[in-house]
Amino acid sequence: MRKMVNPEVEKILKNLQEISRLIESLRQNDLIEVYWFDACSFQNIKILTPEIYITRKKTVGYFFEFRDGYLIILSETTNGHYDGTSIHIGCIEKIIVLSHFRETSKKKLKIAYLERTPIKTLTETRKVGS
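Take the position in the sequence shown, starting the count at 1, then add 107; the result is the number in my numbering.
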């Protein structure tokens, strides 16, 4: 016999399953937009309304990985150092995939001139399959 579950909890669990399936389909460097709920604190209030206890966030970045229950998104890299956000799966409302990462082949051409002339490296990017 199935135990009765609060309809609100049932809705949250169903959303969590959908989010899980979507995360499993993501590839590293897919560009995503994540809508999520942040923790918030409040004090000295008379009436508790959703505007007080709900903090909605939107984060756009590149999917890096899903680890220990957290969706890890990179937003910027500088000299090998990353800036990003980690969001626990339980806080995610929805994920929108803006674009899938497409692998490219980079053919590097090295052009050397006379002795004492620096070597210049050119990079040519080509699309590899769809």
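To be clear, the hints were calculated from the coordinates, so they are not data collected in a lab.
Backbone N, C-alpha and C define an ideal beta-carbon position, used for all residues, glycine too.
Hints should not be assumed to be uniformly reliable.
[Claimed, not checked] Using 27 Å as the maximum straight-line C-alpha spacing, the simulated BS3-like pairs for lysine-lysine come out as follows:
hint, residue 1, residue 2
1, 201, 153
2, 121, 153
3, 165, 121
[To be verified] Here are the in silico distance ranges between beta carbons for each label pair:
hint, residue 1, residue 2, range
4, 131, 159, 20 to 26 Å
5, 157, 123, 18 to 24 Å
6, 159, 115, 27 to 33 Å
7, 138, 117, 17 to 23 Å
8, 174, 153, 38 to 44 Å
9, 185, 121, 36 to 42 Å
10, 150, 128, 21 to 27 Å
11, 138, 175, 21 to 27 Å
12, 207, 115, 31 to 37 Å
13, 116, 188, 29 to 35 Å
A quick look at each hint next to the structure:
1. 201 / 153: violated (31 Å)
2. 121 / 153: violated (33 Å)
3. 165 / 121: Given pair residue 165, residue 121 holds - Cα atoms ~21 Å apart, limit 27 Å.
4. 131 / 159: 20 to 26 Å: Because 35 Å falls outside the window, the suggested range is violated.
5. 157 / 123: 18 to 24 Å: holds (20 Å)
6. 159 / 115: 27 to 33 Å: Roughly 19 Å apart at Cβ, these two residues miss the hinted range, so it is violated.
7. 138 / 117: 17 to 23 Å: violated (32 Å)
8. 174 / 153: 38 to 44 Å: holds (41 Å)
9. 185 / 121: 36 to 42 Å: holds (40 Å)
10. 150 / 128: 21 to 27 Å: violated (39 Å)
11. 138 / 175: 21 to 27 Å: Between residue 138 and residue 175, where Cβ atoms are some 23 Å apart, the hint holds.
12. 207 / 115: 31 to 37 Å: holds (33 Å)
13. 116 / 188: 29 to 35 Å: About 40 Å separates the Cβ atoms of residue 116 and residue 188, which means 29 to 35 Å is violated.
Against the hints set out earlier in the document, violations occur for numbers 1, 2, 4, 6, 7, 10, 13.
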